[in-house]
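In order, the protein sequences belong to chains A and B. So that you can map any letter, position 338 of the first sequence is 337 in our numbering, and since no number is skipped, the others follow by simple counting. So that you can map any letter, position 227 of the second sequence is 489 in our numbering, and since no number is skipped, the others follow by simple counting.
Hints in this document: simulated from the structure, not taken from any laboratory. Please note: incorrect hints may appear among the correct ones.
[Said to hold, decoys possible] Taking lysine-lysine and the DSS-like style, the derived pairs with C-alpha atoms no more than 30 Å apart in a straight line are: (1) B/496 <-> A/137; (2) B/327 <-> A/334; (3) B/385 <-> A/334; (4) A/94 <-> B/527; (5) B/598 <-> A/176; (6) A/180 <-> A/79; (7) A/241 <-> B/385; (8) A/279 <-> B/338; (9) B/543 <-> A/180; (10) A/279 <-> B/328; (11) B/338 <-> A/328; (12) A/402 <-> B/328; (13) A/137 <-> A/176; (14) B/338 <-> B/327; (15) A/310 <-> B/598; (16) B/497 <-> A/310; (17) A/348 <-> B/281; (18) B/281 <-> A/18; (19) B/481 <-> A/18; (20) A/310 <-> A/279; (21) B/543 <-> A/53; (22) B/281 <-> B/643; (23) B/527 <-> A/402; (24) A/241 <-> B/496; (25) A/19 <-> B/643; (26) A/137 <-> B/328; (27) B/385 <-> A/279; (28) A/19 <-> B/527; (29) B/598 <-> A/94; (30) A/260 <-> B/281; (31) B/281 <-> A/94; (32) A/402 <-> B/327; (33) B/327 <-> A/279.
[What the hints assert, rightly or not] Pairwise CB distance ranges, derived in the manner of DEER restraints: (34) B/381 <-> A/369: 45 to 51 Å; (35) A/168 <-> B/493: 35 to 41 Å; (36) B/443 <-> A/370: 33 to 39 Å; (37) A/54 <-> B/493: 53 to 59 Å; (38) B/539 <-> A/168: 29 to 35 Å; (39) A/110 <-> B/594: 32 to 38 Å; (40) A/372 <-> B/614: 27 to 33 Å.
Where is the CB? At the ideal position from N, CA and C, for every residue including glycine.
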Amino acid sequence: MEITSFNTKGIEVCLCGSKKFAAVSVCLVLRAPLRRETVSSYALIPRVLSRASKMYPSLRAVNSRLEEMGGAQLTAEPIKKGEEQIISFYASAPKRFAAELFEFLSGIVYDPFTAEDGFMPSYVRNACSAAARDIADKINNKRDYAAEKMIELMCSSEYFGICGDGYIEDFGDISGKGLYKAYTELIKNSAVQLYITGDISRSEAEKYINDSFDGSEPVTLPKAEQEAQRPHRPVLHTEEAKSAQSALALGIRTHGAAHPKLLVANEILGGYASSRLFSKVREEAGMCYYISSQLYRYKGIISVQAGIEAKNTEAVVERTRRELDSINKKGASQKELRLAKDSLMTALKTIEDYPARLTDFLLSRSIAGESLSVDDALSEIEAVDNVSGVFDNAFIDTVFLLKEGTV
Amino acid sequence: MNNTVYSTLSNGLTVCLTKKPGYREKQAMLAFRCGSVNTCFEYGGARHTVPAGTAHFVEHKMFEKKHGNIFDDFAKLGANVNAFTGLDITAYYFTCTDSFEATLSLLAQLASTTHFTRRGVEKERDIISSEVTMYDDDPGWQSYFGMLGGLYREHPVRCPIAGDTEQISNITAEALQLFYDSFYTADNAILTAAGDIDEDSFFEQAEKEFVLKPTSDVKRCSSDKSGIESVYVKKPMSIASPVFSIGFKENDFDIPPVMRIISSKALMDIIAGKSSVLYEKLYAEGMCSNPPAIDYICGRDFGVSVISGTSRSPEQLLSRLNGEIENFLNYGISEKNLNRIICKSLGRLETSMDSPDFCCSFAADNFVKYINADDFADAYKNLTTEKLAERLSSHFRADNLCMSEAVPV
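With the rest of the complex left out, here is chain A (with noise of 0.2 Å):
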């Protein structure tokens, strides 16, 4: 596979082409900063646009267009990467529809269905409802919605914490109008990026490319600024639920150690079947069905989720600690450190074969300014020789307890 950039009216474009593949995706993506003002209607946007567009004026003529080009698939949502907010418009259809699948995209971003100066204000209201349905629904899934709860309460005082959903108390007073001027301002202040994964040369991409979109000014986003940490105090937070099991996620905060060698480090602490907490916790002590943590890079907060009896809390967050200590000061074995590499370098490889594991894969290599490249993103973890010293200043932060009950 050859994944090449370059730039054509104003959009950054990423191609990844491969005679490999039947289907062509393409995804554009509008980066904005994550921020309170915004993030509601901004959240609204995806759903909005995709449910109109001038072309396709409704749901269901958006819907068969999509199932006319071979059962084309398009997800519209918005997407929290670090402190950025980011609209994403990923499509699919096969190579054939390729032409097709441009114009539609560009239609549902750039040209949408409108009416008095505006969105259609009962689109806006159902986009509204929905959404705020579907932040509720966030409890249905215990798991996650614990994991989310974690980093909100965590990073209440940082652009990390805000939700990317948007908030439902916010969606009252958003109006077609409002939500169309919203619209204007991101598509002029966002940044514009074009991923495309498949048979396509560069020739045609650009062709596709300038056939169908009106193109943009290049934007640069401002840096995300690192803000204060919080001093080291960890808090417990608990909810109840009706439910058969807890739902613990705990916040680790790191600092210092560089992407690679925490990614590795945390590979070793829950990242993979064969790690410290998932043989030591669930295997042995048999505290969880599940344990498993991950990364947010951008941040470098780790993240442990377990499903629990709640009683097993402190135990949980004793045994995590220990990890920690024991990962930062005897670091690991080279047995194990060559797994975990083996188990990331595996899950990195085959990225080139899942177009839509690749574009999210480089599309956090842009955020965080590195290369966009699988090979180079390889040699990095290759190079992690060890593991010690990584969680140097490292503690739990928060601990958040979906507690099992009756309620």
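Chain B: place on chain A using the hints.
Chain B alone, transformed into the frame defined by chain A:
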């Protein structure tokens, strides 16, 4: 599928390879035609009944070998291994980038030897029990099995795949061995692989290493009373809006499975899918914020068309759905609707093959259902509005359905 080749080994094992030139991921899956529904069977001249959850328990314990957990051996090769048990399938699979041959050898070992001990079974019981408890908190899962329990009176499809805590407590090492001996045979399994893999050496290695008993005299028994158990099932849970599953029970097993699958799916797509009139109305009225998921699940002697999702009021949604079915019965299905759905379905079939994941599980799923993968494309091309109308009136009937809801407490 152009890049897919099939072969049968001398022991009777079906082997299938989908060649994906240029892919770095290599994947293989060994799937057996047995799952949670196989709780009653004849084997070795006797009739046996094992507790619900036995197939799933076997799947867990297959990883334990004399020398320890074979899981770790996969990890050492940099491969990810996993397994799942479904209603009518048990599958073991791995993904890797390098060392495909060595990993494939491990998959062969994983399936061809057992080490079921009393101690091992006791230890696993706790792990499986907490897995089951986890499902208790999953509203989608709860409403789904609520619906199957409503549709089927006696058929084991009504029991959750892993069983319940009590059933699990009755599973013994002997039952696991009995199940393995009955179902884990070459004629009852498929080895499928996808990736940039050399065809000759793959088939050669499979022939040499996948040593399974060729066949067993197992006979599957199951029966169900006609009619349904209950029209409506409800379970209170700690959730925000209701999660529902609506199921229409299959009664016509003379229709080939491919035809049942595609006609049911096409009808549900036309009536309640993303581009339907009904969904547009439901969305505008705030009845649901996402299109309902549609599926047709089936095995040897069960089949259900399923519409599921989240809604403010599943009861109202159901009554609207029934009204819409009525409309289509009265006014027919247009060629335009049908052609659009066929175009979508064929396109999806084509692009899905981009994923090695899909290639392996598609081949395995077709095998356990006695389906030839190539039949899908032909069946779509032969689909007519008349055939759909017939299916609509015979299958999507109000006396044939169950609505199951997980509702907020």
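Status of each hint after checking the structure:
A hinted pair counts as satisfied when its Cα atoms are at most 30 Å apart, and residue 496 of chain B with residue 137 of chain A qualifies at roughly 21 Å. Straight-line distance between C-alpha atoms of residue 327 of chain B and residue 334 of chain A comes to about 22 Å, which keeps the hinted pair within the 30 Å bound. In summary, the hint linking residue 385 of chain B to residue 334 of chain A is supported, as the alpha carbons are separated by about 27 Å, within the 30 Å threshold. Note on residue 94 of chain A and residue 527 of chain B: the hinted pairing holds, with a Cα-Cα distance of about 25 Å set against a maximum of 30 Å.
Taken as a hint, the residue 598 of chain B and residue 176 of chain A pair is broken in the structure, with Cα atoms around 36 Å apart against an allowance of 30 Å. Restraint check for residue 180 of chain A and residue 79 of chain A: satisfied, since their Cα atoms lie roughly 22 Å apart, inside the 30 Å limit. The straight-line distance between the Cα atoms of residue 241 of chain A and residue 385 of chain B is roughly 28 Å, inside the 30 Å bound, and the hint therefore holds. Of the pairs offered as hints, the one joining residue 279 of chain A and residue 338 of chain B holds, with about 18 Å between alpha carbons and a cut-off of 30 Å not exceeded.
With a C-alpha separation of about 27 Å, the suggested pairing of residue 543 of chain B with residue 180 of chain A holds against the 30 Å cut-off. Restraint check for residue 279 of chain A and residue 328 of chain B: the C-alpha separation of about 22 Å stays at or below 30 Å, so the hint holds. Annotation: proposed proximity of residue 338 of chain B to residue 328 of chain A holds, straight-line Cα distance about 25 Å (limit 30 Å). This hinted pair does not check out: residue 402 of chain A and residue 328 of chain B have alpha carbons roughly 39 Å apart, beyond 30 Å.
Taking the CA atoms of residue 137 of chain A and residue 176 of chain A, the gap is near 29 Å; set against the 30 Å cutoff, the hint holds. With a C-alpha separation of about 16 Å, the suggested pair residue 338 of chain B and residue 327 of chain B falls inside the 30 Å cut-off, and the hint holds. For the suggested pair residue 310 of chain A and residue 598 of chain B, the alpha carbons sit about 59 Å apart, so the restraint of at most 30 Å is broken. Of the pairs offered as hints, the one joining residue 497 of chain B and residue 310 of chain A holds, with about 26 Å between alpha carbons and a cut-off of 30 Å not exceeded.
Distance hint between residue 348 of chain A and residue 281 of chain B is fulfilled; the C-alpha atoms sit about 18 Å from each other, no more than 30 Å. Note on residue 281 of chain B and residue 18 of chain A: the hinted pairing holds, with a Cα-Cα distance of about 14 Å set against a maximum of 30 Å. Pair hint residue 481 of chain B plus residue 18 of chain A does not hold up; C-alpha atoms about 47 Å apart against a cutoff of 30 Å. Annotation: proposed proximity of residue 310 of chain A to residue 279 of chain A holds, straight-line Cα distance about 18 Å (limit 30 Å).
At most 30 Å may separate the alpha-carbon atoms for a hinted pair to count; residue 543 of chain B and residue 53 of chain A meet this at roughly 20 Å. At most 30 Å may separate the alpha-carbon atoms for a hinted pair to count; residue 281 of chain B and residue 643 of chain B meet this at roughly 25 Å. Pair hint residue 527 of chain B plus residue 402 of chain A does not hold up; C-alpha atoms about 40 Å apart against a cutoff of 30 Å. A hinted pair counts as satisfied when its Cα atoms are at most 30 Å apart, and residue 241 of chain A with residue 496 of chain B qualifies at roughly 16 Å.
For the given pair, residue 19 of chain A sits about 26 Å from residue 643 of chain B by alpha-carbon distance, which is consistent with the 30 Å threshold. For the hint linking residue 137 of chain A to residue 328 of chain B, the alpha-carbon distance of about 44 Å lies beyond 30 Å, and the restraint is violated. Proposed proximity of residue 385 of chain B and residue 279 of chain A is supported: the alpha carbons are some 15 Å apart, at most 30 Å. Between the alpha carbons of residue 19 of chain A and residue 527 of chain B the distance comes to roughly 29 Å, so the proposed pair stays at or under 30 Å and holds.
Between the alpha carbons of residue 598 of chain B and residue 94 of chain A the distance comes to roughly 23 Å, so the proposed pair stays at or under 30 Å and holds. Taking the CA atoms of residue 260 of chain A and residue 281 of chain B, the gap is about 36 Å. The hint is violated against a cut of 30 Å. Distance restraint check for residue 281 of chain B and residue 94 of chain A: the Cα-Cα separation of roughly 19 Å lies within the 30 Å cut-off, and the hinted pair is therefore satisfied. Between residue 402 of chain A and residue 327 of chain B, the direct Cα distance comes to roughly 37 Å. Violation of the 30 Å bound is thereby established for this hinted pair.
As the CA atoms of residue 327 of chain B and residue 279 of chain A are separated by approximately 20 Å, the hinted pair is consistent with the 30 Å bound. The hinted window of 45 to 51 Å between residue 381 of chain B and residue 369 of chain A holds, with their beta carbons roughly 50 Å apart. Against the hinted window of 35 to 41 Å, the Cβ-Cβ separation of residue 168 of chain A and residue 493 of chain B comes to about 39 Å, which satisfies the hint. Taking 33 to 39 Å as the suggested C-beta distance range, the pair residue 443 of chain B and residue 370 of chain A does not conform, at roughly 55 Å.
Between residue 54 of chain A and residue 493 of chain B, the C-beta spacing of about 44 Å breaks the proposed range 53 to 59 Å. At roughly 33 Å, the beta-carbon separation of residue 539 of chain B and residue 168 of chain A lies within the given 29 to 35 Å, and the hint holds. Distance hint check for residue 110 of chain A and residue 594 of chain B: the Cβ-Cβ separation is about 35 Å, which falls inside the suggested range of 32 to 38 Å. For the pair residue 372 of chain A and residue 614 of chain B, the beta carbons lie near 28 Å from each other, so the given range of 27 to 33 Å is met.
Checked against the numbered hints above, the structure violates hints 5, 12, 15, 19, 23, 26, 30, 32, 36 and 37; every other hint is satisfied.
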